[in-house]
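Engineer: Residue-level listing of the chains:
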Amino acid sequence: MAVIADLAIQGIQMLLVLCLAPALTGFVRKVKARLLRRRGPSILQPYRDLWRLMRKEVVLAENASWLFRAIPYLIFSATWVAAALVPTFATGLLFSWSADLIAVTALLGSTRFFLALAGMDVGTSFGGIGSSREVMIATLAEPAMIMIVFTLALLAGSTQLSSLAGFMLTSPVGLRVSLGLALIALVMVAVAENGRIPIDNPATHLELTMVHEAMLLEYSGRHLALIELAASLKLLLYVSLIGCVFLPWGLSPPGADVSTRLVGVGAYGLKLAAGGFLLAFFETTVAKMRVFRVPEFLGAALMLGLLGTLLLFVSRSL
Amino acid sequence: MAATFTLLCVGIFLSIAVLAVLIGQTRNSTPAIYGGCLMISLLALAGGIISLLTGAAGTEVVLPLGLPWIGAHFRIDPLAGFFLAVVNLGGAAASLYGIGYGRHEHEPSRVLPFFPAFLAGMNLVVMADDAFTFLFSWEFMSLSSWALVMAHHGERENARAGLVYLIMASFGTLVLLLAFGLLAGPDGFYAFTAIRTHHLSQLQAGTVLVLALLGTGSKAGLVPLHVWLPLAHPAAPSHVSALMSGVMTKVAVYAFIRIAFDLLGPPDWWWSVPVLVMSGGSAVLGVLYAMMQDDLKRVLAYSTIENIGIIFVTLGLALTFEANGLHAAGALALTAGLFHVLNHALFKSVLFFGAGAVLVSTGLRRMDHLGGLINPMPVTSILVLVACAAISALPPLNGFVSEWLAFQAILLSPQLPQWGLRLLVPAVGALLALSAALAAACFVRVFGIVFLGRPRTPAAQQAREVDLWSQSAMAVLASLCLLAGILPGFIIDSIAPSVYSLIKARMPVQGQIQWLSIVPVAESRSSYNGLLVFIFSAVSAALAAFIIHRFASRATRRAPIWDCGFPDPSPATQYSAESFAQPIRRVFGTPVFRAREQVEMPEPGNLAPARIIVTLHDPAWEALYTPITNAVSFVARQLDRLQFLTIRHYLGFVFFALVTLLMVLALWP
Chain A
2 MAVIADLAIQ GIQMLLVLCL APALTGFVRK VKARLLRRRG PSILQPYRDL
52 WRLMRKEVVL AENASWLFRA IPYLIFSATW VAAALVPTFA TGLLFSWSAD
102 LIAVTALLGS TRFFLALAGM DVGTSFGGIG SSREVMIATL AEPAMIMIVF
152 TLALLAGSTQ LSSLAGFMLT SPVGLRVSLG LALIALVMVA VAENGRIPID
202 NPATHLELTM VHEAMLLEYS GRHLALIELA ASLKLLLYVS LIGCVFLPWG
252 LSPPGADVST RLVGVGAYGL KLAAGGFLLA FFETTVAKMR VFRVPEFLGA
302 ALMLGLLGTL LLFVSRSL
Chain B
11 MAATFTLLCV GIFLSIAVLA VLIGQTRNST PAIYGGCLMI SLLALAGGII
61 SLLTGAAGTE VVLPLGLPWI GAHFRIDPLA GFFLAVVNLG GAAASLYGIG
111 YGRHEHEPSR VLPFFPAFLA GMNLVVMADD AFTFLFSWEF MSLSSWALVM
161 AHHGERENAR AGLVYLIMAS FGTLVLLLAF GLLAGPDGFY AFTAIRTHHL
211 SQLQAGTVLV LALLGTGSKA GLVPLHVWLP LAHPAAPSHV SALMSGVMTK
261 VAVYAFIRIA FDLLGPPDWW WSVPVLVMSG GSAVLGVLYA MMQDDLKRVL
311 AYSTIENIGI IFVTLGLALT FEANGLHAAG ALALTAGLFH VLNHALFKSV
361 LFFGAGAVLV STGLRRMDHL GGLINPMPVT SILVLVACAA ISALPPLNGF
411 VSEWLAFQAI LLSPQLPQWG LRLLVPAVGA LLALSAALAA ACFVRVFGIV
461 FLGRPRTPAA QQAREVDLWS QSAMAVLASL CLLAGILPGF IIDSIAPSVY
511 SLIKARMPVQ GQIQWLSIVP VAESRSSYNG LLVFIFSAVS AALAAFIIHR
561 FASRATRRAP IWDCGFPDPS PATQYSAESF AQPIRRVFGT PVFRAREQVE
611 MPEPGNLAPA RIIVTLHDPA WEALYTPITN AVSFVARQLD RLQFLTIRHY
661 LGFVFFALVT LLMVLALWP
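One line per chain: the protein sequences are A and B, in this order. So that you can map any letter, position 216 of the first sequence is 217 in this note's numbering, and since no number is skipped, the others follow by simple counting. So that you can map any letter, position 125 of the second sequence is 135 in this note's numbering, and since no number is skipped, the others follow by simple counting.
Any given hint could turn out to be false.
Under 8 Å between C-beta atoms, here's a sample of chain A residues computed to sit facing chain B [what the hints assert, rightly or not]: (1) Glu-58; (2) Asp-101; (3) Leu-155; (4) Leu-307; (5) Leu-313.
Honestly, the hints are just simulated from the structure, not real lab data. Cβ coordinates follow ideal geometry from the N, Cα and C atoms, glycine included.
Just chain A, same shape as in the assembly (with noise of 0.2 Å):
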């Protein structure tokens, strides 16, 4: 009975972060628009575009091979993972014990190798320039990421996500400044991997700046929809990982009754709202780097994470 109940939590957990996923999207959009005093399209769009996408043919380059065509799968499917495995509104998760911060943070590595083949498959200059970006962005995004999940882990004594939001939402963790150096690290390393302002705009098609974009140019219909998923979820990801390890409040603990399931969904809602929001406010407010400025972004959060690592290891007590 109980293996059912989680089972249940498991699946309704992952169809919540597939459901949500564009309306994020598309808050985050309607804020920006809203902060420009435009109107903005409605939040429901990114689910009408996904639909239109569906429904439309895929034109393929004639030159295109069966990997080409497999990739959008292979990077939903282990974006959709990645998600799963994350706690959105509970604690102890069915799967969370077979799959750790660090495979998380691996799975999203191996989506960026296929986004980044699928733009060499065709061969043109577009789809090179977005994956040797993008390559160069990773080189760094990623050590970063793993001293982040170091610093996490030593304070928590695990990589388990589950474990360390418990262990957030039950001991008296207090203010620590290697926990603060680790969220504006996360941060920074979650506006590069999603693509945001100012390492690259979503919104683009400007030749010289892009990144993401410059990659997908010769993907349409089903795939297209599949990509821009992923990469919806990608964001979703994120926030609720920075929601579940810095505020995880509202997590209902295993075995909790329905209402607290119910409030934690309410909490989810609420920090999800919240992170869609401060990233559109932040997007707004800054200006687009140039790329060669990225690896001084990034090398920033590195050297962030770096130094939280360092200072658990040379104090015990911290």
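Since the structure of chain A is already known, use the hints to place chain B on it.
Structural biologist: Okay, now just chain B, sitting in the frame of chain A:
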């Protein structure tokens, strides 16, 4: 028993080598020789696995060879069993590949005799149980591989590679000779059993460790002793490159483990410092070098340096933990290292085989001349893709598991009491993470440029799929990559006896953990389940595909490339290996390699092409080797004068030398 059996296999290898000398020129010699090697490697592989799993210390076999009154000692303990398994697995795959690939060899008699000899040499090193036999086998291995490097000696670059290899191999052996000299002591304890009982002073033991690191590191390819490796590995035929890169470097790792963990006695905490510094540097520098290369096989050779760095990082961690009595953590680090030894042997062999397949079907090694091979070579490309994903540490493949274990070991190290290590270990952790991310970038570049995109030359356009032997060799290893990734618990449990034989501790028994997860310390701390991640991803991909095909439009139309509405017929406009590496070269290359880009624009009106010239400086050559070469040339020039003296002067020299020696003898206490 096991030792006798494996010695018998080695004997057969050597007779195959002799046979190859005799029949090398005949028509069917290639399949016969490689087939024989395949059989014997499989037998030796079985022997290695059995002695690993039984975990017995093994009996010693003494052959009346080698030094008089000492003989040649051989023994297989679990550690040797593990490395025998790795060596012979790689050997079997290379032999299988060679049956097909060897047919393209122009001068088979230059390769065939040395291939079994090389296999025999590697087996002997791992089995050796006394210092003399060990060094003799080590030299035998080096020389037979040198002969294979020189197989195509006509090419100028190969001759240089051979020379550098020979010099570095001699250096390595010399250093190891000194290390064993110290270990054996003045009483000449040659046998390893005697060395274990012989206690060295702290200073002596430290010196031995540094010497062993230099000696084995030069064979394994630790920066800055790596310079021969990217020259020599690509020069050999591809299946030999796979053996040298995937397997021979592992024999060097074995030698280091044997000396540092077994022969030297309990470690001091500072031993790990030189190991961690050199290995962390190797991991990042190796992959950065790889990123800057254009020759496919050279990229792979440099990436070996990175992987060796990762392995030595875990060995350094294990030494640290052992020195501080943290046995469980030590066992975790050592298991991670041995796991990565196996992993690297698997995926690096596939990658070299793939490079060989590309070479056979197009005749090209330069990545900028290839492209689009995924269409004509579907099987090779998917197998190489698996290996690329594995080496980039993507779940659920095997590379991720060993990396995950290494990270878990790093997370245990705040317990260390030494301040220096508390600063060094997280820094090494950051280097490890950086090298993993760079490796993924490097292999996106390799696969993207070589197999994807449009063919850049007619040769790439006319590529064909390679023969079934080569395909099956790659397929076996690639499926092992997947298996080891989704069922890592079994591998960890099989490694456990060799870890236990060294440090009297092991990781928890993984076979008893539910659902085939792996747990390094405790379940609440961390766990990973490759199988579940695999099934989970496969199911969700299948679900997505099902829903898409159920509800979405299935219409597909082939059309010309869109490319933002700017279609270009020339494949030269797509990204090349050089341009792909440019952002990373700017970010990392400027500080490390002093990379500089120079654009040469012709005068207005001049129709000459514009050029972009990139200059890179190799820090290892410039800081270490150029001064040594200069010093050697200087001394040589000074000594050169001796050549033109009269007979009077020579006699005078002899006289003075004699007087000096006699005085030394007279004054000697």
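Engineer: So, for every hint listed, does it hold in this structure?
Structural biologist: Going through the hints against the structure:
1. Glu-58: At about 3 Å, which falls below the 8 Å cut-off, the nearest Cβ of chain B leaves the hint on A/Glu-58 intact, so it holds.
2. Asp-101: holds, 5 Å
3. Leu-155: Holds, about 6 Å.
4. Leu-307: Result: holds, 5 Å to nearest chain B Cβ.
5. Leu-313: holds, 6 Å
Against the hints set out earlier in the document, no violation occurs for any number.
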